[in-house]
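A.B. asks: Start from the sequences, fold in the hints, and give me the full structure.
2 protein chains.
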Amino acid sequence: MLHEIPKEEILEKLKNIGAKKVLIQSPEGLRREAEELAEFLEKNEIEVILHGEINYGACDPADHEARLLGCDALIHLGHSFMMLSLEVPTIFVPAFAKVNVVEALKKNLHEIKKLGKKIIVTTTAQHIHQLERAIEYLKSQGFEPVVGRGDNRVSWPSQVLGCNFSVAKVEGDGILFIGSGTFHPLGLALATGKRVLAVNPYSGDCQWINELAERFIRKRWAQIAKAMDAKRFGVVISTKRGQLRLNEAKRIIKLLKDHGREAKLIAMNDISYSKLEGFSFDAYVIVACPRVPIDDYENWRKPVLTPREVEILLGLREEYIFDEIPGGVREKDEPLGISLHSTR
Amino acid sequence: MLHEIPKEEILEKLKNIGAKKVLIQSPEGLRREAEELAEFLEKNEIEVILHGEINYGACDPADHEARLLGCDALIHLGHSFMMLSLEVPTIFVPAFAKVNVVEALKKNLHEIKKLGKKIIVTTTAQHIHQLERAIEYLKSQGFEPVVGRGDNRVSWPSQVLGCNFSVAKVEGDGILFIGSGTFHPLGLALATGKRVLAVNPYSGDCQWINELAERFIRKRWAQIAKAMDAKRFGVVISTKRGQLRLNEAKRIIKLLKDHGREAKLIAMNDISYSKLEGFSFDAYVIVACPRVPIDDYENWRKPVLTPREVEILLGLREEYIFDEIPGGVREKDEPLGISLHSTR
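Each protein sequence line maps, in turn, to chains F and U. Numbering-wise (the working numbering), the first sequence opens with residue 76 and increments by one. Numbering-wise (the working numbering), the second sequence opens with residue 76 and increments by one.
Take these hints with a grain of salt, some might be off.
For chains that are exact copies, the list does not tell them apart, and a pair is met inside one copy or across any two.
Unchecked claim - Below, in silico cross-link-like pairs of lysine to any residue (SDA-like), each with a Cα-Cα straight-line distance of 20 angstroms or less: (1) Lys-325 x Glu-117; (2) Lys-315 x Glu-162; (3) Lys-118 x Lys-329; (4) Lys-350 x Asp-370; (5) Lys-182 x Gln-216; (6) Lys-315 x Leu-143; (7) Lys-96 x Ile-121; (8) Lys-325 x Arg-142; (9) Lys-90 x Ile-413; (10) Lys-118 x Asn-91; (11) Lys-96 x Glu-337; (12) Lys-332 x Ile-121; (13) Lys-350 x Tyr-131; (14) Lys-315 x Asp-345.
Keep in mind that the hints were calculated from the coordinates and are not lab data. Computed from a predicted model, the values in this text were never measured in an experiment.
C.D. replies: Here it is, written out as structure tokens:
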């Protein structure tokens with residue numbers, strides 16, 4: 076197992092709240108851990124249902140499903156709490172990776188130095204438990220690392236989501252991203268305009284992101300161009316509560332109508348083109364998770380844009396801007412471990 | 076448009092209940108009609124959201140989503156009401172096909188006669204509005220047509236669903252099915268053991284089903300054989316309210332455990348194998364819509380069974396039996412047109 080689930084601790088929390096029947100929700104990478112946890116809880120007389128839907132983030136807790144299924148608690152594996160009201164008490168179990176972040180920084184010190192001295196340090200929830208050690212190490216090497224607090228869509232300072240780069244909007248020479256994949260560092264580059272170096276603690280490699288970001292923007296301009304003559308737009312929102320941006324969708328629909336286009340509001344849960352094929356829209360705008368139009372556009376036979384790209388399409392904006400979902404002011408950080416959030 | 080949606084009538088009903096904002100839910104075949112209805116309602120000052128999820132039946136009304144999205148009514152296109160409690164007032168708009176059923180019966184009279192004199196007449200919701208004419212015609216040709224009342228999972232006498240063949244469980248020489256596709260007549264043959272002739276009013280063709288049913292049973296036995304050595308079973312239920320068979324799933328889990336197998340309960344909305352790939356189960360049992368394991372099994376890389384097939388697997392049943400979802404006693408039939416159902 077790549078991730079260790081604190082089973083005893085979860086059981087104790089369940090006993091504290093008197094939960095007898097729980098739903099376990101998991102992302103694709105934690106399916107085996109979910110099964111193992113189910114096994115353990117069942118041996119301890121807790122009735123368990125595994126949630127079969129794949130979860131992509133704390134923006135989509137299955138608390139409603141838990142209540143519907145008669146469960147008195149939800150266990151949400153893989154993510155920390157996001158500010159949402161919940162229908163049943165929910166235990167959030169973030170998954171911290173067991174790779175050594177400082178080793179990867181050491182290996183790439185030469186490149187990191189090119190960022191400058193005052194570097195904004197960012198990472199994902201998987202590595203947040205090693206942030207302090209990373210900061211110490213960077214300080215020992217003469218850097219002045221900057222940790223951005225961010226808003227309440229994230230759980231901790233320095234944490235980025237695919238839809239929120241608020242922690243990087245601080246002063247600094249350049250951005251160090253610690254984590255895997257290109258989506259987060261790409262978002263960082265686009266959301267801040269700063270130089271971004273991504274250090275991957277799994278592979279030990281690093282990658283400069285800004286050239287990638289330029290290629291990305293060219294691709295997005297091509298999508299915008301393809302939608303230029305579209306007359307009828309489907310503006311898609313998601314019923315996943317942490318992605319439900321109804322007001323933003325209404326703003327986009329008004330913009331489109333004010334500029335002589337037609338637009339209809341479409342609501343769904345998991346957004347995919349195959350479900351929409353029967354409709355006759357010329358183009359789509361996704362006002363939900365920004366990853367949908369950006370990561371998945373090759374599977375769409377119609378142009379598919381972010382709300383920000385619609386502003387460009389209509390001539391209301393010149394510079395490319397990344398679609399983010401902002402939060403409010405965060406009162407306190409989440410614990411670096413499991414946390415129980417009650418209904419309100 | 077293949078189907079005519081009674082737009083004015085729907086608008087009137089919405090005005091009667093004071094609805095200002097509605098969600099329109101539609102099956103794949105009625106997407107354009109949904110758009111057209113949205114256009115019409117918007118022109119009449121009703122705010123509209125289109126539901127982007129594909130709907131497969133009245134077993135899955137989007138009333139919860141409607142409430143979540145702040146709508147004060149749901150319009151459910153394509154199906155009549157199924158006995159479920161609703162979170163917002165819902166207008167059910169069945170879709171009646173414009174093909175001529177009697178013409179198709181005339182064309183296939185020679186084959187229909189082979190069924191015998193006392194024939195059980197069955198059809199789907201699409202053709203139910205022509206049932207009376209079909210009965211009259213059959214009587215005029217010397218038949219003694221039998222119309223089964225069925226239970227309250229269906230809306231009208233003679234109506235079959237993919238999960239309910241209660242209308243056919245009456246006395247008669249053989250079964251006449253009027254409709255398209257092979258799933259319903261296959262279910263009729265398997266649920267009753269009677270000879271079934273399917274007359275397709277779209278193509279005008281007819282097909283004897285019983286040979287198909289034998290081939291089908293052989294395929295299902297092959298699935299059962301593939302699962303024979305499976306140790307760990309995922310027993311899958313759906314959160315679609317009209318498919319939520321929690322007690323049946325618990326019965327199956329108990330049966331499996333009593334016979335030395337392991338079993339875990341999995342809940343999801345749309346059931347598909349791709350979402351379950353990360354789990355380590357050896358085989359799956361679908362305790363939801365019977366079409367999932369039967370129509371879709373080729374997309375599963377693990378054996379996938381119905382609850383009834385588990386009984387065969389465990390040696391508790393010898394004869395093949397179709398998985399049905401039974402209803403209770405129906406108090407009255409649904410109207411042959413739109414109907415408004417309130418929250419209770």
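A.B. asks: Could you check the structure against the hints above and give me the numbers of any it violates, in ascending order?
C.D. replies: none
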